[in-house]
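Q: Spelled out, the chains give:
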Amino acid sequence: MAGFHEGWQALPQSGLDAQFWSTQGSNLLLAAVAIVAFIAVVALVMFGADLVKGRIRDKVQLVALITPVLLLLAIGLVYPAIDTVWLSFTEIVKQPDPVTGINTEVTNFVGLSNYTYAFTDPTMLRTIINTVVWIILVPLLSTGVGLAYAVFIDRAKGEKTLKSLVFMPMAISFVGASVIWGSIMYDYNETGSQTGMLNAVLGVFGIGPINFLATEPWNTFFLIVILTWIQTGFAMVIISAAIKGVPPEINEAASLDGANAWQRFWSITIPSIRGTLVVVLTTITIATLKVYDIVRTLTQGRYNTDVVANKMYVLSFVEQREPLGAALAVILFIFVIPVVIYNVRSLQKVKETR
Amino acid sequence: MTAPVMTDQLASPKKTKAAEAKENLTSKWATAAAIIIAALWTIPTIGLFMTSLVPGDLYRTESWWNVALDGKLTFENFGYVLFSSFGDSSSAPPLLGNLINAIVVTVPTTVFPLVIGLMAAYAFAWIPFRGSNFLFVFIFALQVVPLQLALIPLLKILGPQGIGIAGQFPGVWVAHTIFAMPLAVFLLHNFIAQIPSDIIEASRVDGASHTQIFFRIIIPLSLPALASLAIFQFLWVWNDLLVSAVFGSIKTYTLTYPISNLAGNYGATAYLVPAAAFVSMVIPLIVFFSLQRYFVRGLLAGSTKG
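Quick mapping for you: the protein sequence lines, in order, are chains A and B. Number 196 in the UniProt record's numbering belongs to position 196 of the first sequence; there are no gaps in the numbering. Number 5 in the UniProt record's numbering belongs to position 5 of the second sequence; there are no gaps in the numbering.
There may be inaccurate statements among the hints.
[As the list claims (entries may be wrong)] Chain A regions said to be covered by chain B (calculated; three or more residues, Cβ under 8 Å):
{"id": "1", "stretch": "25-33"}
{"id": "2", "stretch": "62-74"}
{"id": "3", "stretch": "138-149"}
{"id": "4", "stretch": "202-210"}
{"id": "5", "stretch": "282-291"}
What the hints contain is simulated information worked out from the structure, not anything from laboratory work. All of these numbers come straight from a predicted model, not from anything done at the bench. Think of the CB as a built atom: it goes at the ideal place given N, C-alpha and C, for glycine as much as any other residue.
Given only the sequences and the hints, what does the whole structure look like? Please build it.
A: Laid out in structure tokens, this is it:
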């Protein structure tokens with residue numbers, strides 16, 4: 001690395017001193033040791049379980065196989081989820097202790113008041129409505145565009161490359177995508193030349209510059225475009241595989257019967273891949289519910305663009321209003337309950353047929 | 001028509017009725033629409049790369065295409081954000097530390113869930129026990145629970161009042177591993193359940209224990225599924241912001257955290273953001289394009305059998 005640094009002598013080398021390298025080196029070492037130790041422990045436990053003799057061996061091995069997962073999920077997801085639900089029915093009051101003067105936290109049960117607040121306060125209500133708009137638009141738009149693209153390029157020349165181009169945003173972080181759209185596509189200058197690509201294009205047609213991220217209520221839609229841009233590739237790849245699974249004989253027969261391309265698309269392709277379409281819509285809906293990175297990076301919820309996931313982060317970790325944040329998390333979960341039920345049902349159907 | 005299911009191969013050159021019918025749909029308009037979509041999905045990323053080459057003093061006033069026409073594009077921003085400073089002031093640390101942090105966070109959290117998930121997936125797929133079905137469906141359903149629901153209590157468990165590893169790498173590893181579990185178990189189970197039952201039953205009859213089957217049959221046969229899940233998990237952890245923000249600290253933040261912070265405030269150093277964003281994208285893009293085939297396979301295994 002030393003040789004490379006010499007080219008940058010004009011710049012201050014603030015962070016990269018010996019201490020930096022020793023810290024980063026020991027971090028990398030820590031990661032390597034952790035991986036080796038983890039694999040060693042797993043191997044020891046598994047082979048230890050293999051030394052057990054007799055009929056209980058199978059049981060010991062079963063326990064060794066599933067205990068880690070059950071333990072992690074119980075501690076890390078199940079208990080926390082229950083605790084969050086409880087927290088959402090409480091308020092935390094800080095009172096100075098009369099003797100010591102030190103603040104103590106008292107947790108009071110307040111019933112549904114956090115929920116009442118979430119659905120009556122205009123800012124909170126707006127946040128919830130925005131989230132619903134996200135959940136409806138992102139899956140529909142990405143699945144729609146993904147489906148169209150998959151059909152258009154099916155068996156076209158260079159199909160693989162064409163797929164990669166649209167699939168690529170999947171590898172880009174939500175933060176990276178937000179930077180791309182926020183400071184490259186949507187950038188706005190009040191006067192002078194436009195550095196944002198969209199405003200530059202609009203300028204060619206004589207349309208004045210638009211402050212995309214501050215123009216209500218369309219700004220939420222412009223943020224939705226970013227997630228759609230990321231998710232379309234996912235929808236396209238899976239739909240494309242499903243389309244290739246439709247037996248060509250059906251299309252052939254329909255075409256002999258005089259059905260045109262459009263009719264075959266609606267009465268053969270769509271019904272044949274309906275299951276896949278539902279899976280894609282479901283998966284993208286779940287991803288949309290959790291999205292917070294885009295709003296946090298670009299608007300921090302300003303200009304009425306907040307969504308539940310971001311608001312709950314701010315309430316819980318910035319404003320110290322954890323019960324209200326917990327209530328929002330529960331509301332988010334209530335939104336997904338239909339999706340959970342649908343998925344469990346279809347999973348059980350698959351299991352029964354197996 | 002001999003195009004096999006779920007491959008990207010082109011159709012056989014021999015034209016059948018179906019192929020001709022297909023061509024009708026792929027009309028001029030469809031081709032034009034496809035080109036427009038492909039362009040819309042590519043131009044923003046190219047725009048980011050070009051903008052990251054614009055010198056800081058021109059960033060606010062000149063568009064990247066004008067700077068390019070003037071021949072003033074430079075790679076200086078990349079060197080600056082990586083090795084000198086990235087932030088509101090020139091004393092802010094450079095991104096190289098966050099880049100190394102990203103490796104320290106991502107590599108272990110790719111290995112841990114894969115191993116633990118594979119063990120459980122084998123048990124659920126091939127060891128009959130009471131409650132197996134219920135537990136598996138329960139784990140599957142947890143996949144849909146928003147992780148926001150678990151953040152506050154889990155932070156208390158991992159934080160100073162609990163076991164005290166929040167804000168350090170082990171805390172971030174544990175959080176990421178837990179949140180990856182439901183999907184890992186589900187995807188690997190789907191794959192392992194498809195292994196022909198003769199193989200496993202024959203080994204059982206020959207007296208092989210579950211440990212032996214796991215190491216000798218399950219691990220070698222699951223390599224394709226493990227590869228795709230590893231890529232998926234790698235991308236997800238590398239690109240994550242929420243878990244990293246909640247369970248990490250200044251010592252552990254990966255690239256997304258400082259970039260997200262600076263991207264929103266449009267200050268004097270805003271010109272560094274595109275270069276930083278591109279730095280954060282390089283490794284995932286390399287992983288993605290070199291291993292895309294396995295990644296896509298993994299997505300399909302998990303998505304078309306739900």
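Q: Against each hint, give a clear statement of whether it holds in the structure.
A: Hints versus structure:
1. 25-33: Satisfied; 4 residues make the cut.
2. 62-74: holds (count 9)
3. 138-149: holds (count 3)
4. 202-210: Violated - the stretch 202-210 of chain A has 0 residues with a Cβ nearer than 8 Å to chain B, which falls short of three.
5. 282-291: Holds, because 5 residues of the stretch 282-291 of chain A bring their Cβ atoms closer than 8 Å to Cβ atoms of chain B.
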